[in-house]
Amino acid sequence: METTPTVHIQSITQLHQLLEQPKPRHPLVSLIRFEDFPAIKIEQRTRLISDCYQITLKKECPCKIQYGQSRFDFDEGVMACFAPKQVNFIDQDFAFATAGWQLSIHPDFLRNYPLGSKIKNYGFFDYSVNEALILSEEEQRRIEIIFLQMLEESLLPIDQFSQDAWIAHLELLLTYCNRYYNRQFITRKAVSSELLDKVQKLLDEYFASQESNKGLPTAQYLAESLHLSYKYLSDCLKQLTGSTTQQLIHERLIEQAKEKLSTTSLSVGEIAYQLGFEYPQSFSKLFKAKTNQTPLEFRAFYN
Numbered sequence: 019m020e021t022t023p024t025v026h027i028q029s030i031t032q033l034h035q036l037l038e039q040p041k042p043r044h045p046l047v048s049l050i051r052f053e054d055f056p057a058i059k060i061e062q063r064t065r066l067i068s069d070c071y072q073i074t075l076k077k078e079c080p081c082k083i084q085y086g087q088s089r090f091d092f093d094e095g096v097m098a099c100f101a102p103k104q105v106n107f108i109d110q111d112f113a114f115a116t117a118g119w120q121l122s123i124h125p126d127f128l129r130n131y132p133l134g135s136k137i138k139n140y141g142f143f144d145y146s147v148n149e150a151l152i153l154s155e156e157e158q159r160r161i162e163i164i165f166l167q168m169l170e171e172s173l174l175p176i177d178q179f180s181q182d183a184w185i186a187h188l189e190l191l192l193t194y195c196n197r198y199y200n201r202q203f204i205t206r207k208a209v210s211s212e213l214l215d216k217v218q219k220l221l222d223e224y225f226a227s228q229e230s231n232k233g234l235p236t237a238q239y240l241a242e243s244l245h246l247s248y249k250y251l252s253d254c255l256k257q258l259t260g261s262t263t264q265q266l267i268h269e270r271l272i273e274q275a276k277e278k279l280s281t282t283s284l285s286v287g288e289i290a291y292q293l294g295f296e297y298p299q300s301f302s303k304l305f306k307a308k309t310n311q312t313p314l315e316f317r318a319f320y321n
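Using my numbering, you'd call the opening residue of the sequence shown number 19 and step up by one each time.
Keep in mind that the hints were calculated from the coordinates and are not lab data.
A few of these clues could be false.
When the alpha-carbon atoms are kept at most 25 Å apart in a straight line, the in silico BS3-like pairs for lysine-lysine are as follows [to be verified]:
hint, residue 1, residue 2
1, LYS308, LYS232
2, LYS216, LYS232
3, LYS232, LYS249
4, LYS249, LYS216
5, LYS232, LYS276
Produce the entire structure from the sequences given, and follow the hints as far as they go.
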């Protein structure tokens with residue numbers, strides 16, 4: 019049985035060697051133009067893992083990449099961010115972008131800076147490939163200005179201010195990424211509304227299922243059912259509704275509970291079990307937290 023080979027990039031130096039680039043001027047950060055990439059032929063499907071943060075801007079990209087069970091095309095003018103240790107697959111027909119930028123940052127480069135912790139809060143580093151950021155011409159121009167400033171910095175002799183300058187550029191770049199992703203959620207509101215409808219339908223089907231011991235619905239279950247990353251789904255729903263995926267699940271749980279309490283004679287324990295709770299006490303605690311009433315108080319008041 020043919021096995022899938024793995025390419026595990028553990029350092030910036032190894033990355034440069036793999037891409038046939040000159041030795042990096044700094045061992046922990048690298049900025050490469052896709053125009054400078056060599057012609058690399060992928061002989062067989064390959065698993066790719068990097069220990070670095072990566073931010074790419076691809077302007078001309080005929081390549082395909084797989085994330086999970088789905089394959090996606092990159093079109094012109096897209097930006098993607100990858101956290102360390104993410105696993106991607108590239109196939110034999112994979113072709114690198116012919117224009118754009120690839121920024122790689124080893125986590126050690128961020129240590130002792132507030133950004134080392136803050137970067138973990140940017141959800142777009144955990145988005146799937148199909149959730150890339152689509153830039154307008156103006157947005158792309160601004161991003162490229164930052165990359166050009168980084169490139170100029172990379173050509174300067176390293177001194178005591180070099181890392182501070184890099185970090186400042188990176189913080190600005192991530193701020194723009196955050197801004198543009200939020201803009202994308204807004205401008206694609208119709209798509210987001212359709213996504214909300216799908217989430218609600220999934221929850222309705224989940225609660226209507228009579229399967230025993232199914233447990234409570236989770237944000238991860240919804241994301242996987244929709245072929246989205248957990249973070250992207252939560253951020254999209256947050257922008258659209260003001261609530262995270264987990265909060266929406268809780269809201270639907272309470273709606274279901276209220277309906278059963280007001281229209282059936284089922285005990286609180288039976289309702290809790292039907293909704294997926296393992297213990298009635300957990301159900302009662304959540305219900306009280308969301309309604310300021312116990313399930314029995316709600317039933318008595320409603321009746």
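A quick look at each hint next to the structure:
Between LYS308 and LYS232 the CA atoms are separated by roughly 23 Å; this keeps the pair inside 25 Å, and the hint holds. A distance of roughly 20 Å separates the Cα atoms of LYS216 and LYS232; the hinted pair therefore holds under the 25 Å criterion. Taking the CA atoms of LYS232 and LYS249, the gap is about 23 Å. The hint holds against a cut of 25 Å. Taking the CA atoms of LYS249 and LYS216, the gap is about 17 Å. The hint holds against a cut of 25 Å.
The hinted pair formed by LYS232 and LYS276 meets the criterion: a straight-line CA distance of about 20 Å does not exceed 25 Å.
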